[in-house]
Amino acid sequence: MSPRPQIDHVRRPQILAAAAEVIVERGLVKTRIADVAERAGTSPPAVLYWFRSKDELLAEALTVDEERFYVEMREGIHLFERPRDQLRFMIEASAEEYDWILWIELWVRALRDPATREARQRLDNRWREEIAAVIRAGQGAGEFGDADADEVALLLGSLIDGLAVQATLNDPAVGRERMLRCALEMAESLLDCELGAAAYETAAGNGSETSKYAVRETVPHLADPELRRELE
Amino acid sequence: MEEASARRPEGPDARERILRAATELIASDGIDEVRIARVANRAGASTALVHHYFSTREELLAQALLQSFELAADERFGAGPAAAASATEGLAIAIEECLPTPGEGEREWVLWVELWLRAAREPELRPVAGRMYESYREWVGRVIRRGVESGEFRRVDPDEVADLAMALFDGLGVRSLIHDPAMDLESARRLAAERLGAELGVDPSALTA
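Those protein sequences? They're chains D and E, same order as listed.
The end of the first sequence is residue 233 by my numbering, with every number in the run present.
The end of the second sequence is residue 276 by my numbering, with every number in the run present.
Hints are computed from structural coordinates only; laboratory data are not their basis.
Note that the structure is predicted; figures quoted are calculated from it, not measured.
All C-beta atoms, glycine included, are put in the ideal place defined by N, C-alpha and C.
Treat the hints with care, as some may be off.
[Unchecked claim] Just the calculated beta-carbon pair ranges, DEER-fashion:
| hint | chain 1 | residue 1 | chain 2 | residue 2 | range |
| --- | --- | --- | --- | --- | --- |
| 1 | E | TYR120 | D | ARG113 | 24 to 30 Å |
| 2 | D | LEU80 | E | SER95 | 47 to 53 Å |
| 3 | D | GLU26 | E | SER254 | 33 to 39 Å |
| 4 | D | GLY77 | E | GLU205 | 35 to 41 Å |
| 5 | D | GLU73 | E | HIS118 | 47 to 53 Å |
| 6 | D | LYS31 | E | SER217 | 48 to 54 Å |
| 7 | E | SER272 | D | ALA142 | 31 to 37 Å |
| 8 | E | GLY197 | D | GLY143 | 42 to 48 Å |
Could you build the full structure based on these sequences and the hints that come with them?
Structure follows, in structure tokens:
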């Protein structure tokens, strides 16, 4: 309706990338449109031309972040032929590369803002569909058991979120290894397959089936005394 | 509210009232919207009195979150599962209590999610969150250890299964809390019971109340 402002030189993706940076640094509440504009090298009206609110900026910034994630993930997936390697790659990618602060911000906003809730739902559905597609491919190839692919995807997504909360709040360096192992083990158990979770047992682990016991010996406080006697 | 105004503004319970008002406002409006003046108003106190007990807004919010979880811990991390007739029944109670039940459970869960965000963002709050998770982990671990020792559960590492259980409760619970159409409370309970049942060698139907 109104004439288009002369702001085409500042692209939407640049504003979104700037928004993601500022939101991660400061939190949505302390992020001002002016900060995003400054980071993107433009003016507040140019930001407001593309985005009506900060909530919209958050949701869109995550969508862009997510898009980049999927592009990278697809490139990575093509390196693998077998669905089970692809699934493992997807779980590793989600555990390692994600910016969980933005996700947690999204949950908090979703508690009170319906539009943010929808945006979160859209992002979550997409992730679940990607995982379910790989699971179906694996089932078709006879690599996975016949569990309900959508439910496995839902469980895996939920588990990874829960693990990410723990990893984000505790020591991230320690958290990621454990997070990966736990997610891979659950996928193995649900799909009756081998994804190599054992390789994440311990930095000193040998990846063999006995590594579960190896970590208990390396880290004695993890083991219950009876199990340790049995091993010795 | 009438309770608050009937009391003297000062006295030993004033700090208590201020903290309770703060947790109520965090739950209803979100932590970022909480202002000292509104907390004071709700607690029937002056802003000066609030500042007397809490030097900064951040300190008030941290203490409110901390106390809210410590109060919950008295109930939640209390006798429920331990008093159950069996470890299996205890775990069923734990699953029920760790997911966002309507009312009080949801209110507590909102605070929980707010705590995640604050702790992720503000390193000085991380010890608070760390303590919460530690007592949570010990409590879940005890429930599982009991079943391992009694032979009701498979001989797993209780701490590892506690980590898995907590991650499931958090990941399933937050979806149920924000009304993911694929995850109502019943589905969250069923999925948690199925996974933990498989992990522990227990019939999942024995884990849903």
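Q.
If you test the structure against every hint from before, which numbers come out violated?
A. Structure breaks no hint.
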